[in-house]
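Asker: Produce the complete structure using the sequences and hints provided.
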Amino acid sequence: MYWCILSTVLVFALYFYFTRTLKYWEHKNVKGPKPIPVFGNFKDVALRRKAKVTLYNEIYKQYPEEKVVGLYQMTSPTLLIRDLDIVKQVLIKDFNLFPDRGMYFSKKGLGENIIHCDAETWKILRNQFTVLFTSTRNQDIQDKLRKEIHEVMKKCNGTLTYELLKEMKYLKMVFYETLRINPPTHALTRHLRESLKLEGMDLTIDKGSTVVMCPYAIQHDEKYYPEPEKFNPERFSSENAKKQHPCAFLSFGGGPRGCFAPQYAQLQFGVGISKLLNKFRVETSRNTCSQLTYDPYHVLVKPAPAVLLKFIALDM
2 MYWCILSTVL
12 VFALYFYFTR
22 TLKYWEHKNV
32 KGPKPIPVFG
42 NFKDVALRRK
52 AKVTLYNEIY
62 KQYPEEKVVG
72 LYQMTSPTLL
82 IRDLDIVKQV
92 LIKDFNLFPD
102 RGMYFSKKGL
112 GENIIHCDAE
122 TWKILRNQFT
132 VLFTSTRNQD
142 IQDKLRKEIH
152 EVMKKCNGTL
162 TYELLKEMKY
172 LKMVFYETLR
182 INPPTHALTR
192 HLRESLKLEG
202 MDLTIDKGST
212 VVMCPYAIQH
222 DEKYYPEPEK
232 FNPERFSSEN
242 AKKQHPCAFL
252 SFGGGPRGCF
262 APQYAQLQFG
272 VGISKLLNKF
282 RVETSRNTCS
292 QLTYDPYHVL
302 VKPAPAVLLK
312 FIALDM
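Those letters in the sequence shown? Residues 2 to 317, by this note's numbering.
Because the hints were derived from the structure by calculation, they are not lab data. Glycine included, every Cβ here is placed at the ideal spot set by N, Cα and C. Just so you know, not all the hints are guaranteed correct.
Claimed, not checked - Simulated restraints on C-beta separations:
1) Lys-231 x Thr-294: 15 to 21 Å
2) Asn-97 x Lys-231: 35 to 41 Å
3) Pro-100 x Ala-47: 26 to 32 Å
4) Lys-29 x Asn-279: 51 to 57 Å
5) Phe-281 x Thr-20: 52 to 58 Å
6) Asn-97 x Ala-314: 50 to 56 Å
7) Asn-279 x Glu-66: 45 to 51 Å
Said to hold, decoys possible - Calculated pairs, EDC-like style, for lysine to aspartate or glutamate (alpha carbon to alpha carbon, straight line, at most 16 Å):
8) Lys-311 x Glu-284
9) Lys-32 x Asp-84
10) Lys-148 x Asp-316
11) Lys-35 x Asp-45
12) Lys-224 x Asp-86
13) Lys-173 x Glu-235
14) Lys-280 x Asp-144
15) Lys-276 x Asp-144
16) Lys-156 x Glu-168
17) Lys-35 x Glu-59
18) Lys-170 x Glu-235
Answerer: Encoded structure:
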């Protein structure tokens, strides 16, 4: 009898522990998917059935009329921000209230590297050929980019300089469109150090709250990018870029705590792609996947399976 009572008490205690916070967003009148004990809304992520970026994107699309959506990462309430003006409030206007990104590095290696975010970005692009994957689906874009590369290469006899790379306007547009379609991070995470009323809403979020913004979901929202699955570098022409909301592109984060060196990353990209496309034409093969899916085991957004492409040497 003693063990039966003890077991019952233990079960109820565990149930209370894992459900104690699951009414948090309901009490604040914030809409969101119904959580379950232990996992909250992240069961498929926790069991490695789904990448976190995929989950965020699915939930983002389920609430098209909401500025924010209430989620639970296991038992922790988390606010997914959809509205770009609130994104701007978090990342720029009130950035000093969100000092913690929710990411931690040791003082060795990446922790001491001021541009570690870009190193991780280009680890993905370099190893998985996402830029080449997107450009192979629209060969006229690759041809236009190669024409610009050839023209610049003739000027420098094959030795690129920083000044010449800056002249390559279409290369820059391809760079940004690639990262729009394939951002490197699942989400931008911030922790609030004091309570804050969100602009344009009757909602105050509490000290210690976690907010997330999903670059992939925002950058695949047709409200900001018509035909979002189409690879169209012209979105980032100097004329079109001026029309965009300042927080519609978040692949490098945003505000004072965004990535420190997007220009350095663009330089790496420019040199690598220029050298490659100057000598090769890149095409899909029968083994190339028709659409990218993402690895649920990886801390960054990593395509799975690997991207397989054909490299055809050009007649020089």
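Asker: Checked against the structure, which of the hints given earlier come out wrong?
Answerer: Violated: none.
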